[in-house]
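S.K.: Using the sequences and the accompanying hints, generate a full structural model.
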Amino acid sequence: MPKRPRRPLRCRHCDQKAVINMRQHKLALCGPHFVEWVHKQTERSIKKWRMFTRDERVLVAVSGGKDSLALWDILLELGYQADGLYIGLGIDGGVHYSDQSHEYIRQFIAQRGGDLTLHVVDVAEVYGASIPQAAQLSRRGRAKPCSLCGLTKRHIMNRIAREHGYHVLATGHNLDDEVAVLFGNTLQWAVGYLTRQGPLLPPSHPGLARKVKPLFRFYEREMAAYAIVRGIEYVYDECPFAEGATSIRHKELLNQLEAQSPGAKLHFYLNFLRAREEHGLFQTVQEQIELHTCPTCGQPTTNEGQCAFCRTWERVQERVGALPHTPQGANAP
Amino acid sequence: MTDNNTSPPPDNAVTVIYRKQTFTVRPGITVEEAIRACGLDPVAILATRDGKLVTEEVTLRPGDTLKLLATISGG
Chain A
-12 MPKRPRRPLR
-2 CRHCDQKAVI
8 NMRQHKLALC
18 GPHFVEWVHK
28 QTERSIKKWR
38 MFTRDERVLV
48 AVSGGKDSLA
58 LWDILLELGY
68 QADGLYIGLG
78 IDGGVHYSDQ
88 SHEYIRQFIA
98 QRGGDLTLHV
108 VDVAEVYGAS
118 IPQAAQLSRR
128 GRAKPCSLCG
138 LTKRHIMNRI
148 AREHGYHVLA
158 TGHNLDDEVA
168 VLFGNTLQWA
178 VGYLTRQGPL
188 LPPSHPGLAR
198 KVKPLFRFYE
208 REMAAYAIVR
218 GIEYVYDECP
228 FAEGATSIRH
238 KELLNQLEAQ
248 SPGAKLHFYL
258 NFLRAREEHG
268 LFQTVQEQIE
278 LHTCPTCGQP
288 TTNEGQCAFC
298 RTWERVQERV
308 GALPHTPQGA
318 NAP
Chain B
331 MTDNNTSPPP
341 DNAVTVIYRK
351 QTFTVRPGIT
361 VEEAIRACGL
371 DPVAILATRD
381 GKLVTEEVTL
391 RPGDTLKLLA
401 TISGG
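First to last, the sequence lines map onto chains A and B.
For what it's worth, our numbering labels the leading residue of the first sequence as -12, then goes sequentially.
For what it's worth, our numbering labels the leading residue of the second sequence as 331, then goes sequentially.
Since the hints were derived computationally from the structure, they do not count as laboratory data.
Values in this document were obtained by computation on a predicted structure and should not be read as measured data.
Where hints are given, some of them may not hold.
[Said to hold, decoys possible] Cross-link-like lysine to any residue pairs, in silico, SDA-like; alpha carbons within 25 Å at most:
#	chain 1	residue 1	chain 2	residue 2
1	A	LYS4	B	GLN351
2	B	LYS397	A	TYR84
3	B	LYS382	A	ILE219
4	B	LYS397	B	GLU387
5	A	LYS13	B	ILE359
6	A	LYS13	B	GLU362
7	B	LYS397	A	GLY18
8	A	LYS131	B	ILE402
9	A	LYS35	A	HIS20
10	A	LYS13	B	THR389
M.R.: Printed below as a string of structure tokens:
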């Protein structure tokens, strides 16, 4: 006998057809109520963690992906002073990855009337080599440039925030990103990283912006759903260098756990934060970390002398002539 | 479930598109069952029908086209 079609799930608030079912919250919502819920939850996180106020200027790091564009959209909808920062990494991967990403950001701005502020830093133009080129020229990541990419992005984000007087630097990290990092660091017992991970990182140095992750409570699929419901077009293809990344493998493993126990990812992360904030987990380690100032760029570094960014990029610039096509406009870091 | 990249689907079948692959599943199953039939994990997938999000328990009708979106990203 054929199965009778099931009655579609209904929104908890209005009985319209639900567009998303969040099992970890036992909550199904229609499009408009889902958007409202995302806004309320983000506002709650911002206030609870004292991330920023409406008087402060926020710099949102946008990559053209779903999370960062969703974050920018949410902050604008909530009435925060949010500007964007796009870092052109020069990654092609046969799909013009970086160009495509920049195009989605332009589209996002155009859809909102075009009067948003976007800072653009093209790595090859400013530092003399794209990320894949620099990885070839430096000791860092000849096979995979991810570590150099992260190092460079962190430096540029700090620099732009400082130069333009932003109080806060906001990134679109979602719960799956955070949980994958926590899981990886726990497997390694990387205590130094476990000490610092969280939705709010106060400035470690004078003149630096504090770093915040207002989407840290949302699952990755919720952010993708938000982008779809809000009509935000985003770069769907993965970064060509992310293939086989450990963080993706960890996310898949954690999703298997989530399928068996809805809410497992959320509880793992929130209970970690609670253990640290309320029970002093890793507190002694936190007190031991001493930071120094890089004599070249002025940003903090864990060792005395030049920071890893300046050391790496000086090396790249010494060797940049070896590249077949050297971009113009190289500046010292 | 059949991988449909080479032959057109029957008229009453449900077409499932995921990245550059096209699959055919039978009508009457749920979105969740269709996702699993394609070898994917529903926890990390969103489904749209006619450009609109649909939840996992929705029953697929003959001739439906379901587009699946992977939500895992990172590096």
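S.K.: Each hint should be assessed against the structure and marked as holding or not.
M.R.: How the hints compare with the structure:
Distance restraint check for LYS4(A) and GLN351(B): the Cα-Cα separation of roughly 28 Å exceeds the 25 Å cut-off, and the hinted pair is therefore not satisfied. With a CA separation close to 23 Å, the supplied pair LYS397(B) and TYR84(A) stays within the 25 Å bound. Distance hint between LYS382(B) and ILE219(A) is fulfilled; the C-alpha atoms sit about 13 Å from each other, no more than 25 Å. Pair hint LYS397(B) plus GLU387(B) holds up; C-alpha atoms about 15 Å apart against a cutoff of 25 Å.
Only pairs whose Cα atoms come within 25 Å are accepted, and LYS13(A) paired with ILE359(B) is accepted, the gap being roughly 23 Å. Proposed proximity of LYS13(A) and GLU362(B) is supported: the alpha carbons are some 17 Å apart, at most 25 Å. As the CA atoms of LYS397(B) and GLY18(A) are separated by approximately 18 Å, the hinted pair is consistent with the 25 Å bound. Among the hinted pairs, LYS131(A) with ILE402(B) is consistent with the structure: their alpha-carbon atoms are about 20 Å apart, no more than 25 Å.
Simply put, LYS35(A) and HIS20(A) have alpha-carbon atoms about 22 Å apart, close enough for the 25 Å limit, and the pair holds. Among the hinted pairs, LYS13(A) with THR389(B) is consistent with the structure: their alpha-carbon atoms are about 20 Å apart, no more than 25 Å.
In the structure shown, a violation is registered for the earlier hint numbered 1 alone.
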